[in-house]
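Read top to bottom, the protein sequences are chains A and B. Residue 1 is where the first sequence starts when you use the numbering used here, and the numbers rise one by one after that. Residue 1 is where the second sequence starts when you use the numbering used here, and the numbers rise one by one after that.
Keep in mind the hints are simulated off the structure, nothing from the lab. Each hint should be verified, as a subset may be incorrect.
[To be verified] Ranges of calculated distance between the beta carbons of each label pair, as one might list FRET restraints:
#  : chain 1 : residue 1 : chain 2 : residue 2 : range
1  : A       : A39       : B       : N300      : 26 to 34 angstroms
2  : A       : S161      : B       : V223      : 26 to 34 angstroms
3  : A       : R124      : B       : V223      : 25 to 33 angstroms
4  : B       : W311      : A       : D57       : 45 to 53 angstroms
5  : B       : N300      : A       : S161      : 23 to 31 angstroms
6  : B       : L100      : A       : T119      : 43 to 51 angstroms
7  : B       : S37       : A       : A39       : 16 to 24 angstroms
8  : A       : C98       : B       : W270      : 53 to 61 angstroms
9  : A       : S161      : B       : L100      : 25 to 33 angstroms
10 : B       : I335      : A       : S54       : 28 to 36 angstroms
11 : B       : V223      : A       : V35       : 39 to 47 angstroms
12 : B       : V223      : A       : H33       : 33 to 41 angstroms
13 : A       : V35       : B       : I335      : 50 to 58 angstroms
[Stated by the list, open to error] Simulated coverage check for chain B against chain A, where a stretch passes if three residues somewhere in it have a Cβ under 8 angstroms from a Cβ of chain A:
#  : segment
14 : 84-92
15 : 136-142
16 : 202-209
As the structure is a prediction and not an experimental result, all values here were calculated from the model. The beta carbon of each residue, even a glycine, is placed where N, CA and C say it ideally should be.
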Amino acid sequence: MKLKVAGFALAALALGGCVNLSNLQFRGDHRLHFVAPRADSLVRLPLTLRWTMSDFDVVPPNAQPPSAHAGYFAIFIDRYPVRPGQSLTSVAANDPICAHHPGCPDAAYLAQYQIYTTTTTSLRLDAVQPLAGNNDRRQTHRAIVILLDTSGRRIGEVFWSISFDLNRPTI
Amino acid sequence: MSTTKGARPDTVVEEIQSTRLALRERARRQLGVVGESGTSPLRAVLRDHSVAIYPVVAIGLLGITDQFQGYALSVLAPDISSSLGIGIGGVAAVTALAGLAQGVAPLPMARLSQQGRRRAALCIITGIGWALMTLYTGFVTSLTAVLLVLLLDGLTTGSASALHGPLLMDSYPPEARVRVLSTYGAFGRSSGVLAPLLVALVAGPLDFTWRGVFIFLGLICLVVSLFSIRLRDPGFGRWDTEVLREDVRQLHGATATTDHDEDDVSLGFWEICRRVMLIPTNRRVIAGFTVLGLLAVPLNTYISFFLDERWHLSAAGRGLFFGYYAAVQVVALLIYGRRGESLFRKDPAALMRWAGITLGAGIILIGVGGLSPWFWLMVALFGVSACAIATLLPVMGLAVMSVIPARMRPHVAALTTISSGLGGLVGALFFAGIDRRFGAGGTMVAVMIPGAIGALLIASSSRLIDTDMDRMIDEVLEDEEINQLVRSGARPSMLACRGVDFSYGQVQVLFGVDFTVDEGELVALLGVNGAGKSTILKVISGIGIPSAGSVRFRGQDITYLDAERRLNLGITQIPGGRAVFGSLTVAENLRSFGFSVRKNRRVLDQAIEHCFDVFPRLAERRNSLASTLSGGEQQMLGLSKAFILKPKLLLIDELSLGLAPVIVGQLLELVREINAGGTAVVLVEQSVNIALSLADHAYFMEKGEIRFDGASRDLLERGDLLRAVFLEGVAAGGSR
Numbered sequence: 001m002k003l004k005v006a007g008f009a010l011a012a013l014a015l016g017g018c019v020n021l022s023n024l025q026f027r028g029d030h031r032l033h034f035v036a037p038r039a040d041s042l043v044r045l046p047l048t049l050r051w052t053m054s055d056f057d058v059v060p061p062n063a064q065p066p067s068a069h070a071g072y073f074a075i076f077i078d079r080y081p082v083r084p085g086q087s088l089t090s091v092a093a094n095d096p097i098c099a100h101h102p103g104c105p106d107a108a109y110l111a112q113y114q115i116y117t118t119t120t121t122s123l124r125l126d127a128v129q130p131l132a133g134n135n136d137r138r139q140t141h142r143a144i145v146i147l148l149d150t151s152g153r154r155i156g157e158v159f160w161s162i163s164f165d166l167n168r169p170t171i
Numbered sequence: 001m002s003t004t005k006g007a008r009p010d011t012v013v014e015e016i017q018s019t020r021l022a023l024r025e026r027a028r029r030q031l032g033v034v035g036e037s038g039t040s041p042l043r044a045v046l047r048d049h050s051v052a053i054y055p056v057v058a059i060g061l062l063g064i065t066d067q068f069q070g071y072a073l074s075v076l077a078p079d080i081s082s083s084l085g086i087g088i089g090g091v092a093a094v095t096a097l098a099g100l101a102q103g104v105a106p107l108p109m110a111r112l113s114q115q116g117r118r119r120a121a122l123c124i125i126t127g128i129g130w131a132l133m134t135l136y137t138g139f140v141t142s143l144t145a146v147l148l149v150l151l152l153d154g155l156t157t158g159s160a161s162a163l164h165g166p167l168l169m170d171s172y173p174p175e176a177r178v179r180v181l182s183t184y185g186a187f188g189r190s191s192g193v194l195a196p197l198l199v200a201l202v203a204g205p206l207d208f209t210w211r212g213v214f215i216f217l218g219l220i221c222l223v224v225s226l227f228s229i230r231l232r233d234p235g236f237g238r239w240d241t242e243v244l245r246e247d248v249r250q251l252h253g254a255t256a257t258t259d260h261d262e263d264d265v266s267l268g269f270w271e272i273c274r275r276v277m278l279i280p281t282n283r284r285v286i287a288g289f290t291v292l293g294l295l296a297v298p299l300n301t302y303i304s305f306f307l308d309e310r311w312h313l314s315a316a317g318r319g320l321f322f323g324y325y326a327a328v329q330v331v332a333l334l335i336y337g338r339r340g341e342s343l344f345r346k347d348p349a350a351l352m353r354w355a356g357i358t359l360g361a362g363i364i365l366i367g368v369g370g371l372s373p374w375f376w377l378m379v380a381l382f383g384v385s386a387c388a389i390a391t392l393l394p395v396m397g398l399a400v401m402s403v404i405p406a407r408m409r410p411h412v413a414a415l416t417t418i419s420s421g422l423g424g425l426v427g428a429l430f431f432a433g434i435d436r437r438f439g440a441g442g443t444m445v446a447v448m449i450p451g452a453i454g455a456l457l458i459a460s461s462s463r464l465i466d467t468d469m470d471r472m473i474d475e476v477l478e479d480e481e482i483n484q485l486v487r488s489g490a491r492p493s494m495l496a497c498r499g500v501d502f503s504y505g506q507v508q509v510l511f512g513v514d515f516t517v518d519e520g521e522l523v524a525l526l527g528v529n530g531a532g533k534s535t536i537l538k539v540i541s542g543i544g545i546p547s548a549g550s551v552r553f554r555g556q557d558i559t560y561l562d563a564e565r566r567l568n569l570g571i572t573q574i575p576g577g578r579a580v581f582g583s584l585t586v587a588e589n590l591r592s593f594g595f596s597v598r599k600n601r602r603v604l605d606q607a608i609e610h611c612f613d614v615f616p617r618l619a620e621r622r623n624s625l626a627s628t629l630s631g632g633e634q635q636m637l638g639l640s641k642a643f644i645l646k647p648k649l650l651l652i653d654e655l656s657l658g659l660a661p662v663i664v665g666q667l668l669e670l671v672r673e674i675n676a677g678g679t680a681v682v683l684v685e686q687s688v689n690i691a692l693s694l695a696d697h698a699y700f701m702e703k704g705e706i707r708f709d710g711a712s713r714d715l716l717e718r719g720d721l722l723r724a725v726f727l728e729g730v731a732a733g734g735s736r
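Generate the whole structure from the sequences, applying the supplied hints.
Encoded structure:
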């Protein structure tokens, strides 16, 4: 029983250390609305994702000091986004080749992983990689949009996602 | 029953036997088996016994919230991954670990609930535990925190299976138990409807993120846990085994006392688990739980793919289907309770047969549903099947908990959960292969294979449950009888084996062996090779556990006690043949014999020196390997164990085998001295002359049964028995 109590106390401490309430999001964030494509619809390439954004200043990287109210977008196709507070460089954290190249990861590198950034409210996709291990002809893809501040770090844990279907290209 | 102070042990045994027969039928009625199917309404039963509905409601609500975290996690995992930037692989890994924690949690919880009235407190604590963990999930910000939360949640929610059922069994009288367990099952299944509704409500109209959902659910869990705060543990066997004991006490005109002298022989955790698994009904039904766990894989996972692939149901459609699936199970459980109760009251065996048939019918319906060309027919067939399968759990739970003493119920509940989990693992592998080859529809049809096996297993327990229930009754009655007789001044035998059966695998070698040794007695146990003499010694010393019967030492039940604990009680065995460690020296052998007294090194050293005094030859060869000793020296070394451990009961197997008569004479003299010092001795011998020259009391065994029990001189007149021994001895050229 003592062990159990100690375990609970330990867990409470560990969890307490992890929590910073101000950064946590408990209610839905509706500042972003997808305009196209229609959710779960069958689309063709090239595909343009469009959305509207309110209460957020869309500015280029390094345009002003970092804040939670201004920045640009990062879009992840069929991938989970980076952690809150991290920049996109964390995508290449375990890539020693990238680590030895100044400027890496750049847009081309990130595109290999289907990660894109934009300072507009749309993104044109000329290609989407088929889902690994899925041989279905019709495949459901998911795009997740997050906010980056002007220093390139993810703002909070907010995200918006949309699913769309694509027919697998035939060889 | 009248008892006389200082009554002979065999008189005591006869008294016990007659009382047992008189009480058994009454005891079955106390356990709810009345031989007729009539049942009063649940409300009337509760009113008659002055029992409130509160425990089943409180525990049932805990049973609902128990599953909130798991459900919410499975639905919200993608959102958690996106928010925290954790790959789905990470979430899947921690979920698997949490599942593992949930799987093993029942065992330590059973251990915790073993002593004292702790189950209600543990229910409340674990309920608050998972409420806090669900709540905290809404605040996690890293994979480590998710892991911690899920592990603790898994440990607390997993504990429910070892606590809830046994606590309900002791909270309600037997004539309400099927209904109570069914109601609890209905509560549990209703979480399959409530949890999706709550998540949909909180995430939809209330517009909360996954964090908000967990906090909302956590608060509900907390409220429910606080609602259960008035739960109290009524004590083990309040309505059954304690009632049986009270009957015995009334028969003796005694009152309940708390001075049970069983502290030193009460079974430990693993001893209880082993004892539970030795009961044939439990083995069958627990195997049935494994099959149910195996079936849960297609019913919980592949059915979703089946609905998608075969019927193109959207996520919402599948959600509705699962809601319907859970809802019909809730209804079925509530309706079935009374029917199950009637069956159990009339004939528990019939209930188990019915359970087997129900499972068989259920899986056939799934198979047919999987092949159905019409959607609504498939829905109907799956619904009826869901009803059938849902009713199995309370029945099977009741079966395994009815054939064991109340104190062991948390253990059996834990074992059923674990076996079910193991079945799930096997099912995952089995059905993954089926799915690859035949698709999700194929898995729906494939359930018929393990399902049929499970149905046969469960149905076959119908042939065992009555016997096992009677055995449990007999154990309880015998225990209380002896308690009362001891209190009234009767002297129990030092050792009493009653109706001992023992098997090596499928080969039974002991058949209802009764064997008694009095304090300070020297008993000879005779018989030809393969008669079972050595086996009965193993059963007494704890190396072998009987499949039936009891072993009592000074009135205390030690049937399922580990061998090392019997050693501490004062039972020592010198095995037949070369009872030494050949690769150790003589001195090392002696020290190893004193393993149990090793903490007192001075005493051990003195005992070893005493052995060297008694056996000067061993002193001379103290540094020689035991394997280099002669046969006689090795037996001396073996016999030294008695001088080191100073047992109350010494079991000697084949002391004279292969030794020269002069050595045998020396050793027998020592046995006589050990016995004269107050140690009771059981001497297994093939040499009739040797055995009967030493012992006044002899047993003769043949083909696993006791054929003679009486004075040694009387055995000498039984030529019909002894001829076989003599003939065998002559054939072997031994000394007879």
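Here is what the structure says about each hint:
{"no.": "1", "hint": "A:A39 to B:N300: 26 to 34 angstroms", "result": "holds, 28 angstroms"}
{"no.": "2", "hint": "A:S161 to B:V223: 26 to 34 angstroms", "result": "holds, 33 angstroms"}
{"no.": "3", "hint": "A:R124 to B:V223: 25 to 33 angstroms", "result": "violated, 51 angstroms"}
{"no.": "4", "hint": "B:W311 to A:D57: 45 to 53 angstroms", "result": "holds, 48 angstroms"}
{"no.": "5", "hint": "B:N300 to A:S161: 23 to 31 angstroms", "result": "holds, 26 angstroms"}
{"no.": "6", "hint": "B:L100 to A:T119: 43 to 51 angstroms", "result": "holds, 46 angstroms"}
{"no.": "7", "hint": "B:S37 to A:A39: 16 to 24 angstroms", "result": "violated, 57 angstroms"}
{"no.": "8", "hint": "A:C98 to B:W270: 53 to 61 angstroms", "result": "holds, 54 angstroms"}
{"no.": "9", "hint": "A:S161 to B:L100: 25 to 33 angstroms", "result": "holds, 30 angstroms"}
{"no.": "10", "hint": "B:I335 to A:S54: 28 to 36 angstroms", "result": "violated, 54 angstroms"}
{"no.": "11", "hint": "B:V223 to A:V35: 39 to 47 angstroms", "result": "holds, 42 angstroms"}
{"no.": "12", "hint": "B:V223 to A:H33: 33 to 41 angstroms", "result": "holds, 36 angstroms"}
{"no.": "13", "hint": "A:V35 to B:I335: 50 to 58 angstroms", "result": "holds, 52 angstroms"}
{"no.": "14", "hint": "84-92", "result": "holds (count 5)"}
{"no.": "15", "hint": "136-142", "result": "holds (count 6)"}
{"no.": "16", "hint": "202-209", "result": "holds (count 3)"}
Going down the numbered hints, you'll see the structure goes against 3, 7, 10, while the others check out.
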